[in-house]
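Could you slot chain B onto chain A? The hints should help.
First to last, the protein sequences are chains A and B.
Using the numbering used here, read the first sequence as starting at 489 and increasing by one per residue.
Using the numbering used here, read the second sequence as starting at 489 and increasing by one per residue.
One or more of the hints may lead you astray.
Note: identical chains are not told apart, hence a pair may lie in one copy or across any two.
Quick list of in silico lysine-lysine cross-link-like pairs, DSBU-like style, CA-CA up to 30 Å [what the hints assert, rightly or not]:
1) Lys713 - Lys762
2) Lys791 - Lys590
3) Lys590 - Lys746
4) Lys681 - Lys619
5) Lys619 - Lys533
6) Lys726 - Lys590
7) Lys726 - Lys746
8) Lys791 - Lys717
I should point out that these hints are in silico values taken from the structure, not numbers from a laboratory.
Number of protein chains: 2
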Amino acid sequence: MHPTILKNLEELYKTYSAYLSENPFTGNPDNLYDPMNYIMNLGGKRARPMLTMAAALSAGGDSNAVLPVAHTMEVFHNFSLVHDDIMDRAPSRRGQPTVHLKWDMPTAILAGDNMLVAAYRFLFGYTGQGKEAIVSLFTDTATGVCEGQQWDMDFANIEHVNEASYLEMIRLKTAVLLGCCAGSGALSAGASKDIAMQYYQFAVAVGMAFQLHDDWLDTFGDPNKTGKKPGGDIGEGKKTWLYIAAEQMGLPIANLYKEKQDEARIEAATALFKEAGLDTRLLQLAATYNEEANQLLQDLQNKGHQTQWLEELVAFLSNREH
Amino acid sequence: MHPTILKNLEELYKTYSAYLSENPFTGNPDNLYDPMNYIMNLGGKRARPMLTMAAALSAGGDSNAVLPVAHTMEVFHNFSLVHDDIMDRAPSRRGQPTVHLKWDMPTAILAGDNMLVAAYRFLFGYTGQGKEAIVSLFTDTATGVCEGQQWDMDFANIEHVNEASYLEMIRLKTAVLLGCCAGSGALSAGASKDIAMQYYQFAVAVGMAFQLHDDWLDTFGDPNKTGKKPGGDIGEGKKTWLYIAAEQMGLPIANLYKEKQDEARIEAATALFKEAGLDTRLLQLAATYNEEANQLLQDLQNKGHQTQWLEELVAFLSNREH
Numbered sequence: 489m490h491p492t493i494l495k496n497l498e499e500l501y502k503t504y505s506a507y508l509s510e511n512p513f514t515g516n517p518d519n520l521y522d523p524m525n526y527i528m529n530l531g532g533k534r535a536r537p538m539l540t541m542a543a544a545l546s547a548g549g550d551s552n553a554v555l556p557v558a559h560t561m562e563v564f565h566n567f568s569l570v571h572d573d574i575m576d577r578a579p580s581r582r583g584q585p586t587v588h589l590k591w592d593m594p595t596a597i598l599a600g601d602n603m604l605v606a607a608y609r610f611l612f613g614y615t616g617q618g619k620e621a622i623v624s625l626f627t628d629t630a631t632g633v634c635e636g637q638q639w640d641m642d643f644a645n646i647e648h649v650n651e652a653s654y655l656e657m658i659r660l661k662t663a664v665l666l667g668c669c670a671g672s673g674a675l676s677a678g679a680s681k682d683i684a685m686q687y688y689q690f691a692v693a694v695g696m697a698f699q700l701h702d703d704w705l706d707t708f709g710d711p712n713k714t715g716k717k718p719g720g721d722i723g724e725g726k727k728t729w730l731y732i733a734a735e736q737m738g739l740p741i742a743n744l745y746k747e748k749q750d751e752a753r754i755e756a757a758t759a760l761f762k763e764a765g766l767d768t769r770l771l772q773l774a775a776t777y778n779e780e781a782n783q784l785l786q787d788l789q790n791k792g793h794q795t796q797w798l799e800e801l802v803a804f805l806s807n808r809e810h
Numbered sequence: 489m490h491p492t493i494l495k496n497l498e499e500l501y502k503t504y505s506a507y508l509s510e511n512p513f514t515g516n517p518d519n520l521y522d523p524m525n526y527i528m529n530l531g532g533k534r535a536r537p538m539l540t541m542a543a544a545l546s547a548g549g550d551s552n553a554v555l556p557v558a559h560t561m562e563v564f565h566n567f568s569l570v571h572d573d574i575m576d577r578a579p580s581r582r583g584q585p586t587v588h589l590k591w592d593m594p595t596a597i598l599a600g601d602n603m604l605v606a607a608y609r610f611l612f613g614y615t616g617q618g619k620e621a622i623v624s625l626f627t628d629t630a631t632g633v634c635e636g637q638q639w640d641m642d643f644a645n646i647e648h649v650n651e652a653s654y655l656e657m658i659r660l661k662t663a664v665l666l667g668c669c670a671g672s673g674a675l676s677a678g679a680s681k682d683i684a685m686q687y688y689q690f691a692v693a694v695g696m697a698f699q700l701h702d703d704w705l706d707t708f709g710d711p712n713k714t715g716k717k718p719g720g721d722i723g724e725g726k727k728t729w730l731y732i733a734a735e736q737m738g739l740p741i742a743n744l745y746k747e748k749q750d751e752a753r754i755e756a757a758t759a760l761f762k763e764a765g766l767d768t769r770l771l772q773l774a775a776t777y778n779e780e781a782n783q784l785l786q787d788l789q790n791k792g793h794q795t796q797w798l799e800e801l802v803a804f805l806s807n808r809e810h
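Extracted from the complex, chain A is given alone in its bound form:
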């Protein structure tokens, strides 16, 4: 641990928080702009803007110059939360009512739409290096995120999902936006497309590891640390990696997911996963992505990049994930 670096990470967080406060959405009617500001101010780790800024610094760039890009990523992320919460019928987000419940569904659709436009507006306000490549990367990423969300919804209606499809779904739904943040940060520092792709792949690998670790925590996590009862995904009948891997092994998991999942079924499914050693295999899979991320980072360090920013950020975000 490098206390100096951690101090600096805090400064990145403060810098972004100040930028966010200074750039509220403004306009009329209130019913359009209030929900946009509401979701942006529910808090959260601000992982995406911080990743964008940290990547800019790692690649020798300026974390202040890249702020409009960093904000674009956070606005886009929050747009996707507003719309995903409608699709998933989620009642709450970060302990507060979701936009479609606090207002209504039409308002939530429209607020999301205007946030997607606003994400582009902030991106166009960026005047630094690599703008065209960043706009292009962001646009490809936005399409990928839509594809990931649709795959996720499709999986609910597909009986047999294979592991590769599941990993591709979480890559699109979660990891590519992190990749876009890191890649954009590097591009803002004048990095070549190849180097930017290395930052992108690093953050995609981090995102995969995070998501798989989240899957693990959901089933096997310590409620004293996670703050929620384990087995949520099983209870909802979600076909996560554990379900898919169990099915591939020929285990009788489908029966436990067929009807409404009560406590007994959640316990039985959890026991079945454990007996098959899937808890360990899932952590191992997450570890391979972490290993990939570390190798990419090591290579960047060998090329003279200040990768401690990204190392510390990953450590910082990991600590808050539990």
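Using the frame of chain A, we list chain B on its own:
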């Protein structure tokens, strides 16, 4: 009427239709891309791309070079139809089931989101003149359209809407996108921002006249020509210009809108509007916008612009509006 010009308008229509056919949305999963192609291929006048192309020609530009911009406008328009149809709980669009009914609501939200991203993607693919100004105009317009839709939804819950607010709502919801088409077409021809704004204002005025005429047709139109029973807006209790003007005159219109509107109430409201001379006043208001459009066009013609493209397009679209 200039038969040569009309022939050429047909060619613009064919050119755009060919471009549309050659540029289907492609990707996976099908549940994301099929609804996007479905809505794009339901037909329609293609007024927005044709307006973009006609404005480019009027300003001395190239109607083929501007095709990616023209397509951006049509994709954006169809994105807004998909999302508005969810918000308005509309069962059909152009005689076919709406996307959220043919698929489902989450799919319709996501297809719309990906279309908004795709609209930007096509815009970035444009390589001609005025690109930066067009991107900026389009982004402002997209925000305006969201604001207009929210105002429209807000009006359902506001007891007294004034005329100025209503006109501003239809300007944002309908007219500014037409303005953006004409302005972008002019910018693609290398027009100055002032000239582009003149094209923009021309098309906004045309859009206002169209929308007000639509309001008139909905209540007073000949069902043999419009193909639908008059009084739809009254039946839905919509606060259109007629309602607002009647209320401003102190007429007892609110009572007729309070409960479910049956045939008798529709007839009574229509009679009340007529007795107050509001049918004539509405047509006069539409005519003032047409007059404004003509003056802007005349001025452009005096400056050497080939405005017959736009004159013929307006005539062509008006004929199909009835």
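Intra/inter-copy verdict for Lys726 and Lys590 if alpha-carbon distance must be at most 30 Å
Result: close both inside a copy and across copies, 26 Å intra and 25 Å inter.
What label fits Lys791 with Lys717 when the C-alpha limit is 30 Å: within, between, both, or neither?
For Lys791 and Lys717, the Cα distance exceeds 30 Å both inside one copy (45 Å) and across copies (73 Å).
Since the copies are identical, ignore which copy is meant and state whether Lys681 and Lys619 lie within 30 Å (CA to CA) inside a copy, between copies, both or neither.
both (12 Å within a copy, 23 Å between copies)
Classify it for me, Lys791 with Lys590: is the Cα-Cα distance of at most 30 Å met within a copy, between copies, both or neither?
neither (50 Å within a copy, 53 Å between copies)
For Lys619 and Lys533, with the copy left unspecified, which applies at a CA distance of at most 30 Å: within, between, both, or neither?
within (26 Å within a copy, 36 Å between copies)
Up to 30 Å CA-CA - Lys762 versus Lys713, copy category
within (20 Å within a copy, 71 Å between copies)
At 30 Å max between alpha carbons, let me know whether Lys726 reaches Lys746 within a copy, between copies, both or neither.
within (11 Å within a copy, 47 Å between copies)
How would you classify Lys590 and Lys746 at a CA-CA limit of 30 Å: within, between, both, or neither?
between (33 Å within a copy, 27 Å between copies)
Consistency with the previously given hints fails for numbers 2, 8, ordered from lowest to highest.
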